[in-house]
Structures are given as C-alpha cells and as structure tokens.
Amino acid sequence: MKHILKYLITIVGLFAVLNAQDKPQPGAFSITRIHYSGGGDWYADPSSLPNLLEFVSTHTNIAVNPVEKRAKIGDDVFYESPYLYITGHGNIKFSDKEAQILREHLMNGAFLHADDNYGMDQAFRREMKKVFPDKDWVELPTDHEIFHVLFEFTNGLPKIHQHDNNRPQALGLFHDGKLVVLYTYECDLGDGWEDANVHNDPHGIRRSALEMGTNIIVTALSR
Amino acid sequence: MTKIQKFIHLLRKQRANFALLKGITYFRFIFLSLLFFFLSLESIFYFSQPIRENLFVSLCCTLSTGLLYLLIRWFINKNGLFNNSSDEEIAKWAGIKLPHIADRLLNTLQLEKTLLNQQKQNDLAQVAIDKTNEQIESISAKQTKEKLSNKLLINTGIFLGVILVLFIVFHNTFIQSGYRILHPKTEFPIPLPFHLESISGDINIIGGDSASIAITGIGDLPDSIILNWTSKEKQRHITIPKKNDFYNFTFENVQGDTRYWGEVVSSSWLTPWDTIKSTVDTIFVTDRPIIGNIEFTIIPPDYTGEDIKTHPGNITEIMAIEGSRISINADANKILSSAFIETGFESLELTVSNKQLNGYFTLIKDEILTIQCMDLNNVVNQNPPQYRIITIPDSPPELFVTSPDKEITLDESMLIYFNMLMSDDYGFSSMNIEYQIQHPSYLSVDTNLYLHNIPEMMKSARTQQIFHSWDLKNLRLDWEDELHFRIHLADNNSFSGPSVTISPLFIARYPSMEDLFEQLEEEENFTTEETEEILMTLEDIEEMVEDLQLEMLKAEDVNWEQTQKTQETLDKMEDVLSQVQQIQEQLELISELSEKNDLVSDDLQEKFSKLQEMLESIMTPELMEAMEKLREAMEELDPEKMLEALEDFEFNIEEFEEQLDRFLEMFEMAMAEQKMDEIVKRLEEMLEEQTEIVDELRDKEDSELSDLASRERRQEENFSNLQDAMKDAQTTMENVSPSTSEKLEDLKESKLSEETSENLTDARKSMQENDSQNSEQSASQAKENLEQMLSQAKSIQSAFQKESIGEMMRDFQKVLHNALSISKRQEKLKKESKGIRANSPKLAQTAYEQDAIRRQTNQLILQVSELSKKTFYITPDLNRAIGGARMSMDKSILSLEQKKTGTALNEQKKAMSGINDAAKLLLSSMEQMQQSGSASGFESFMEQLGEMSGQQQQINQGTQQMMQLSMMAQQQMMQRLQQQQQQLQQALEEMLGEYPSEESGGLGKAKQEMEEVIKDFKRKQVNQRTIDRQEKILSRMLDSQKSLTQKDYSEKRKSDTGEKFIYSGPSGLPSDFGEREILLMKAMEEALKEGYSREYQELMKIYFRELQKHQESNDD
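Protein chains in written order, with this note's numbering: chain A, 1 to 223; chain B, 1 to 1116.
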C-alpha cells in the first residue's frame, strides 16, 4: 500500500512539474504574430519567434510565454497583445478599418516590430501609410538605445541575410516622441532566429539576430 | 634857577606848546577824518545800534585818548619829565634853532651842572656862563617860537575846506548820521525806498488746487521782486515782475501748507538796507484723498482654465481675456465716503470701508478706467488713477483637415475616414459634421441640413489630432447621391458664445453602379492597351537582339555602335519592366476597386489576384540574370560572351513574351466574365432595392409616398442604365461567346424587359399621386419581373461558364489524348528496346523513333502552352513533368547515339513515367475544373485548403489553451482535439485523393505530421513538440495554398548570409521624430504662448497655416 501511494505521489508530482513547465505564466510577456490579408506569407519563419522568446527567457529576467500568439487585427487576442510582429515575403493588405484599429492600438501603447523577410517592403510601407498618414519613417541612429540597451551594436542593425545587398536599416515611426513601430529592412532578423538547420547561418549571425531581437523587446518594454 | 635854566625852561615851554599845537592840528586832522568817515559810513550803511554804539565809543575814545595824550605829552614835555625835553635836549635844540649860540648853551649848561655839583667856582666857566647868559638875554621869544609849517597849514586848510564843503553838501545826511552816532542806544529805522505788502494774505485751499497771491508796495517799487516760499521744508523762489504796481503769482497744484513772502534784495552795497520783505503769509492746504496700493485680480472665465492673476497697480495697461472678472483693491490716505470706477460707458460703484475700497467689474471690451473717490468732506481725489484695459479675445479655433480629400468617391464600406488637426486657445465645445444629401437632378431636392457628432474630440485638449470614421450606412445614400458636408468646430467660449470654424465644403459621391463599372472598365482598358504596347516593344527588342546576334557572329570585336545598341536594348527592356510594374499597380487598383465596392464575384476577384501573381512571376530571376549577363558582357566588350548573353536574353524574352501573351488573353477573358457579372450584380442590387420599396409601401400611408417615389425614380434610371450595360456586355461577348451575346440581346429586347420598365414607371407615377394601392401593385409586379430577369441573367452566366468549361475540356482532352499517345508510343519503344545491345542495328531505328516521340512531345508542350493561356489549371507541376520527360528523351537519344543502351533504357523509363505523371495531372485538372464550375480558377481546391488551414489553426490554439487548464479539464479537451485532428486528417486524405499531385508536396508531409500529433493525443503526451508539429502542419498547409504559383527558383526564398556593412545612416533622430503635422501644430501653440501682441499672434497663425498648406501640397 505504502509503495503504491509513493508511486502515485511521484507520478502526480512529475506530471505537475512537467505541466508547470509547459504552462505559461500569467502576465508573462508574449509576442503576437499578425495574420494579415493580401496574400503574403504572414506565417513565415515558424521557428523564429519561439527561439527568440526562449533566448529572451534565458538571457533576461523577463517572464516569457514561450508560445507565440496569432491574431488578426481586431480580434480579442489582438487587443490583448501589446507586442505585435509582422513578417512575410509578399503582399500585405489592411482594410481601412484594420488600419484604424491598428493605429489606435499603437497610439494606446502597443508596439509593432515588422521584419522584412525579403519582398514585403513595398506593400508594408504602403499599408503603414494608411495607418499613420502623417508620420514619416525615421532611421534610428547607432546611438539609439535600441542598439545598446542590453547587447551592444555599435554599428547599428546587424546584416543577417543578403537580400538586395543594401545596408540594413532600422526604421521607426514615433508617436508623441515614443517609438511605436520598428521596421527592420534589408536585415532579416526573423531568418536569423530560425532553427540553426533551417538556413545554416553561422553561429555568430544567429546570435546577433537573437541579441538584436532581445534588444528590441527590452526597448519596447521599457519605453 | 639860573638864567640858562630859565631860558631852557622857557624854551621847553615854548616847545611843549608848539608840540601841543602841532599835535592838536594833527589830531584834528585825524579825528575829523575819522569822524567824517564814520558819518559817511553811517549815512550809507545805517548801522545798527550796536555798531553805532561802537562807532560812538570809538570816536569818543579816539578823541579822549588823543587829547589826553597830547595834554600829557605837553605836560611832560613842558616839565621835562621822564627825560623828555631835558635841559640838554633843549639846549641842543636851541643850538640848532639859534645857530649863533650853537652848542654854547649846552656847554654852558653842562658847566653849570658841573660847577653846581663841584660847588666850586670856576671863573672861566663862569665867564662862559655869563657870556651865554648875555647872549640868551638878547634872544627874544619870537626867535625861539616855533611856527607850524605852511604846508601843514595849507593841508589843514584844504582838509577843513573839503570837510566844510562835504558838510554843506550833505549836511542833512551828516547831521542825521551824526545824530544817530551821538545817540547810539536809540534805534533808528532804516529808511527804505519802498515797502512790500502781501494783499492775498493767508489762503485756505484744498490740496492740488491752485492759489493766487498778490503783493503790492508803497514807494518806488522795483520792476520785479523775488517771491519766496517754503513748502514741506523746501524753500524755493521765483522772480515775478511788476504789473500795475502788483506782483502776482499763482501756485499750481498746491499739495501742502506753503509759507510765502516777497522780497527785494539790495543790488548795491552802498544802500543802508539789504532786503525789503513783505510779510510772510501762509497757504493752508486741506489734503485730497489719494488712492494707493492698487491691486487688480484678474479672474479669467472658467471655461478658459486659466489661472487667476494679480496685476500690480503701477502698470497702467491691463490685458485680460474677454469675460474676465477684474476685482480692484486699493487704499486711500483718508477715510472715504464713496468710490467708483468710471469707464467711458458707465460708472460702477465700489465698496468703501474706512480707507479701503474694493469692487469688481466684468471685462467686455477695451476701455479706459479711472478710479475716483470722495472723502468725508466731499473732496474728490485729484488725477484719479487711469488704466487702459485691453481685451484679449478668444480666437476662433484652427482646423486642418488632412483627410478626406475635398472630393471623394464612396465605396461599399460606406465609411469616410477623417484625419484632422485642431487647436484653440482654451478648448472646444463641439465638433459636428453638418451635411446635406443632394440627389440626382431627376429626383426631388432635399434641403434639410443634418448634424453628425464627432465624439473623439476632447474638449479640454487645446491641440489634438482626431481620427474619426463616419459610417454612412444609416443615411440611406443611393447611387449618384452626393453628400455635401462641412465640419463645424466650436470652441468653448461660454461668455460671448462659441466661435465656430467651418471647414471648406467636402463632397462625397456615392457612385452609381454604372460609374463604378465605367471606372473599372477604364482601368482595364488601360491595362490592355499597356500590355499590347509592351508586346509591340518586345517585338522591337527581339528584332534588335536578332540584329545584334548576327553582328556578333561576324564581328571579332565589339564596337561602340554595338555597345550602344545593346544599351538601347537593355534600356528598352528596363522600360518594359517598369511598364509591367505599372500594370501590376493598375491591377492592384482594379482589384481594390472591385473588392471595395463588391463589383465582381469572388471567382473573378480570385482571377484578378491570380493575374497579379502571374505578372509578378513574369519578371523571372532568369530574365534579370540574363540582362545582367548581357550588361557585363557589354562592359567587357567580349563578342563571344555577348553572343552567349544575347542568346540567353533572347530565350528569356521569348518566355517573357509568352507569359505576357498568356496574361493578356486571360485578362481579356476575365473582362468578358466581368461584363456578365456586372449585369447580374446590377439586377441583384435593383431587386434588393425594389423588395425594400415594396415592403415599405405596405406600411406607409398615402401621404408618405414621396420618398418612395424618389427611390422608384432612381430604379427607373438604373434600369435604363442596365439596358446600356447589357448592350455593352453583348458587344464584348460577341468575340468570346456568340451564343451568350445572343442571349443577352434577347433578354434586353424581351417583353419581360419592356414590362419591367413600364411597371417601374407606373409604380413611380402612382407613388407621386399618393395612390398606395396602384403603387403596391406596380411595384410588386416590377419586383417579380426583376426576379425573372435576374434568374435569366444568372442562367446566361451559368451557361457561359459551362460553355467555357466545355471548351476547355475539349482542349484538355486533345492534350490528354496527345499525352496518352506519346505514353503509348514510349511504352512500345521501351518494350522494343529491352535487351537491345550496343552494337545492335536497331539502335539507329530506336533513336529515330525516340526522336519522333520527342517531336510529338514538343507539340504537346505547345498545346499545353496554348491551354495555359486560358486556364490557371495548367500548373508548374504539369510543365515540370512534361519538361522532365522531354529531357529524358533527349538523354535517351544521346545515349543511343553513344551506344549506352542501359542508360538509354533508363531514360526511356523516366520519359514514360514523366508523360504518365503529366497525363494524371491533366486528368486531375480536368476534374477540378469541372467540379469548380469555373474554367479558369482554383477556387474549390483553394477553398478546401483554406478551410482546412482555419481548422488546423483552431486545433493549434486549442492545444495551447489546453496546457493552461487543470488536469481533469485537459483530459476532456485532449479527447476533443484528438477527434478534430483525426477528422482533419481524413479530410486531407480525401482532398489529396482528388489532387494526387499534391501528395508528394507539403500537404503529404502535413498528413504525416498529423498522424504523429494524433498519436501524441492518444498517448496523452501532449507537449511542446506536439505544438511544434501542429505549427508545421499549419505552415505546410498555408504554403501549399501558394504552391501553385510558387517558383522553383526564386531569389526571394534564397537566404544567403549577408556581409557586414559599415553604418552610414544619420547621426541622430530628427527633432520632429517624423511626426510632421502635429508638431507643426504644437509649435504654433508654443509660439502663441510667448506673450506676443495680438496682432503678432494673428501673423503667426497665418504663417503656420501656410506652412501646413505647403506641407499638404508637398505630400500630394
């Protein structure tokens, strides 16, 4: 009897521990990937965000929900998400209503990181003009806190993948002096966050991408 | 006493007398001089009593001292006392006086004294003495008597004469002055030439008043006198002239008691008087009340939210906001009875308490204000403090409307998005859109003005940016209606009433179906024209390339001309590519327009999307590479490389042309479909509207039909336009489907169409006549007719689609037949080639046959290419399969030529397999096409895949949520999720059965992953790995949706690691952070707070307004 009891207690305990490990903590930081219309592959780089979240969890004190959320603009999940992520290779389309919702959400404190996976640039800039017609893209200089808040990037945004072989740019949109949208262009951080065997990038490149991603998250949280 | 002694005594006496006389003479001289001097001085200066006393005493002393001195001297000299005038001295003097005696007398005297002393007789001495005695006896008194010199006598005489003359001339003066000196203790008034007398005397005035005084005099008055006065311990003077024997002066603004007198100061020192003064009189001043310590408190109106300010009384200009309450507090120097404020318009009483006064007034306009008060003696303050009050008006609010544009076209969403900037001094009270609906001219006019509130406006934020979306669905706008609106922005001025700024007029037009389709057609025509132009340009480019190729074949070097031609070719190609991009944008516009207004069916919308993707894929990486290669070869001036590059380029141009041709054909077909869609869509809209009209007719009274009459009128118009559209569609369909064109014409000309038109007109007329019964009848009939027309139109559309499918099926069958034939021949050849040896004579025959099959395959490729211009169902997989088969055939032939029979046989197998795969794909495409009912879309496949992706996403989310539940809840949910996953897997299997081509791709792998996930659910071992698998499943499904147009080789999917770049961007953030407009507004707000004058503030507002307009025009 005693042995059976011990066995049961052990099993239950192990299960609880395993469950606890898999359960996300309430109130933990999470990233929401935006499911947009237009035909572009909004779901690209599926292993990128989980890897980034894991890196943030192990290299900072931020409590992290390791599972990315996905939402369309206007969903309940969208409204609950203060940190949004967009990527893709193709067309992006926001309806007028979506543009308004996104604008209001960002003006109310949310943050959007858009990472050009190569090919979404034209569409993204066009659609963002609907969201913020009165704002211009501003390139973040190397002395901006985003490049130094946790990990040092003295040369600015790291170049992860070749794309058109232009220099990488971290472009921002500001509202009342606060960065609300960050667009990483000619960089491809998302690819850098992917599992190592996806693109077979050198370890240093992946590490740079993850560190830069962590910087972005920390900057967004501390605005 | 001896004779000599007697003689000497006599002489002494004479001498003493003479000395006395002389002394008296001199003393007289001196004394009289002194006397007359004093007399003169006294006559001039009129000495005061003490001085005169001193003079008198001086004179007396002088006289007495002089006389006494003389007498004493005479006595002493006469008696020879104190060795004065001793015998010897006299004897000596006599000797000088009497030269015949000389010093005998002295000697004799000395002898006498010696003898006397010796008491001896000396005869000689006696003889001398006797002789001397004899001599002296002979001397008469006259001989020894002295006389005063003539000079002295003359001088004395002159002196006395002068004295006498002076005395005679000024006898009065000297007598008076002598009298005054002789009576030193008596005061004698100085004789003045005139007297001054103050006539005004003491005066009593009130502080600040003027006081006039007058002084007159008796005597020889001077031309002017000096008026002296003292006030507050300060003495001042002024010279005032004589006028009519009066000296007048007015003291102005006398504040304190003032003592005054007139005086004349002697101008000569020879006058006995220094000054002549009048009596000292006093001007007694009674103080006026004076107001001091003035302080203003400015209480701005509540609505401004401004702070209360105090304003010191020493600043005479007060600026305050209109409507401010200004309170005054002040003190006076004495107790007051009353006080009031005087403006140019009214008088406001202030509250008085002892010496304090206070009160308030409300500022309405600019004014000059004075504060007046009165003391208990009814004396008012002089020079009451004056202040200039300047009103700061509440300026009307500033409004900049960034969007919408002044004229806009509404779409299906019926939303207007506003982006507005506004600012005001103190805030806002309301923001409304005032609008009016203008109907087309054939309808009645609606003159009503309506208001729509903008709730996003924050009343207290003085500068703000507003985003507002206005939903117009409730306005029941209809086709061709125009919404005329202006934005009214009112500030929060609750004092004089809100100032309202009104925006310029905006017009939003609700386009008719006709307008929209017209616009769509315009865009489409443009696209077609552009594409045709590109095709023509491509022909030119091909020609140029051919020419260049020929030249390169002959040339050893690349000359300048050839380089220029190459460059020209490349430039033309660049132009073509940018034109293609323009067409892409045009397509995007078409797609947007049609989607926004729901103008076309989902099928057609999908087609537009596919056409866009087709265009995107036309510009292949290979073409870009070919162009780059050509450019490089041109730079290197290498003819061989140039030739190679030109060949490559030519090949890619051909491909490009082919794809563009395909695009054009598909586009034209889509346009034809669109025409059909338009008819159906219009009929649907009309039917919907007619149904609403009929429903509303039932509830309305006779008198309320005018609104419905307008709508029915609109229906009439629309029906007329529909007839035109049908004509248009009929014309377009003539080339595509003559039967459809005929049916459309029949429908247009049918009795049904005519009746529908009549019914609509009758209905409208009855409504106008308020005849509800007939209206209902006619309207219902019209509705039924429209239903019938719609049904007929749909069946024409359906028939057209079926016809297209039928045609396509026939084409597919031809291709399939060809493919099967090739497969058969290849199989036969394979059998015949089995076991063939390298040295077999059949090798040549086999190779020949294989070549024939290859030629047939080339034809198949051409057929497939032609078919691909009509349908999207020709997939890259199919092309790959056929292409692979062809390549295998090439290799087989080569191997046969090289007598490699084994290799040749293998290649034959591959070729056959490739052709068989192609046949299967063709079959599958045919099935899909039939099932979808559309000749050219992927709808069913995409739809199914889309649905499944959605389901998978839900399962994934469910799994993630499940992890957060308790154990018991997890168990239940796991079971449910397992079931869902299993169902999805089954559905996927079924779909893959219908589309076997996808089995080998991502969907096949997705199916495998699903199996693993289901196993995890069954084992109740759901963890992160499970979730990752589910994500992969979703990704594969979503990828597969794109796989039909996915390129095998696309740079975009390639991920080469990037090289490091040195940062060369800006060194800092711009000061406006890219937020242009709101910062401009805020800059204006900050500038206005600087306290500049109102005029300058207005100039600043104009400046910022112009900056805003300039920015807006730059953005445009």
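Please note that the accuracy of each hint is not assured.
Stated by the list, open to error - Simulated restraints, written as ranges between beta carbons of each label pair:
(1) B:E556 to A:T154: 21 to 29 angstroms
(2) A:T154 to B:Q1024: 29 to 37 angstroms
(3) A:D75 to B:E1012: 45 to 53 angstroms
(4) B:K1109 to A:D75: 54 to 62 angstroms
(5) A:H148 to B:Q436: 52 to 60 angstroms
(6) A:D75 to B:A461: 51 to 59 angstroms
(7) A:H148 to B:K365: 53 to 61 angstroms
(8) B:Q964 to A:D75: 14 to 22 angstroms
(9) A:D75 to B:N453: 24 to 32 angstroms
(10) B:K309 to A:H148: 53 to 61 angstroms
(11) B:Q1024 to A:D75: 21 to 29 angstroms
As the list claims (entries may be wrong) - Cross-link-like lysine-lysine pairs, in silico, DSS-like; alpha carbons within 25 angstroms at most:
(12) A:K129 to B:K1101
(13) B:K900 to B:K802
(14) A:K69 to A:K97
(15) B:K309 to B:K1032
(16) B:K1020 to A:K97
(17) B:K1109 to A:K69
(18) A:K69 to B:K473
(19) A:K93 to B:K309
(20) B:K185 to B:K232
(21) B:K277 to A:K93
(22) B:K131 to B:K6
(23) B:K147 to B:K131
(24) B:K629 to B:K610
(25) B:K830 to B:K802
(26) A:K130 to B:K406
(27) A:K130 to B:K1020
(28) A:K97 to B:K232
(29) A:K129 to B:K830
If you are wondering where the hints come from, they were derived from the structure by calculation, not from laboratory data. Glycine is no exception: its CB is placed at the ideal position from the N, C-alpha and C atoms.
Going through the hints against the structure:
| no. | hint | result |
| --- | --- | --- |
| 1 | B:E556 to A:T154: 21 to 29 angstroms | violated, 54 angstroms |
| 2 | A:T154 to B:Q1024: 29 to 37 angstroms | holds, 36 angstroms |
| 3 | A:D75 to B:E1012: 45 to 53 angstroms | violated, 29 angstroms |
| 4 | B:K1109 to A:D75: 54 to 62 angstroms | violated, 40 angstroms |
| 5 | A:H148 to B:Q436: 52 to 60 angstroms | holds, 58 angstroms |
| 6 | A:D75 to B:A461: 51 to 59 angstroms | violated, 30 angstroms |
| 7 | A:H148 to B:K365: 53 to 61 angstroms | holds, 60 angstroms |
| 8 | B:Q964 to A:D75: 14 to 22 angstroms | holds, 18 angstroms |
| 9 | A:D75 to B:N453: 24 to 32 angstroms | holds, 29 angstroms |
| 10 | B:K309 to A:H148: 53 to 61 angstroms | violated, 47 angstroms |
| 11 | B:Q1024 to A:D75: 21 to 29 angstroms | holds, 24 angstroms |
| 12 | A:K129 to B:K1101 | violated, 28 angstroms |
| 13 | B:K900 to B:K802 | violated, 51 angstroms |
| 14 | A:K69 to A:K97 | holds, 22 angstroms |
| 15 | B:K309 to B:K1032 | violated, 70 angstroms |
| 16 | B:K1020 to A:K97 | violated, 42 angstroms |
| 17 | B:K1109 to A:K69 | violated, 43 angstroms |
| 18 | A:K69 to B:K473 | violated, 34 angstroms |
| 19 | A:K93 to B:K309 | violated, 55 angstroms |
| 20 | B:K185 to B:K232 | violated, 40 angstroms |
| 21 | B:K277 to A:K93 | violated, 110 angstroms |
| 22 | B:K131 to B:K6 | holds, 15 angstroms |
| 23 | B:K147 to B:K131 | violated, 28 angstroms |
| 24 | B:K629 to B:K610 | violated, 30 angstroms |
| 25 | B:K830 to B:K802 | violated, 40 angstroms |
| 26 | A:K130 to B:K406 | holds, 18 angstroms |
| 27 | A:K130 to B:K1020 | violated, 47 angstroms |
| 28 | A:K97 to B:K232 | violated, 85 angstroms |
| 29 | A:K129 to B:K830 | violated, 62 angstroms |
The structure is inconsistent with the numbered hints 1, 3, 4, 6, 10, 12, 13, 15, 16, 17, 18, 19, 20, 21, 23, 24, 25, 27, 28 and 29, although it conforms to all the rest.
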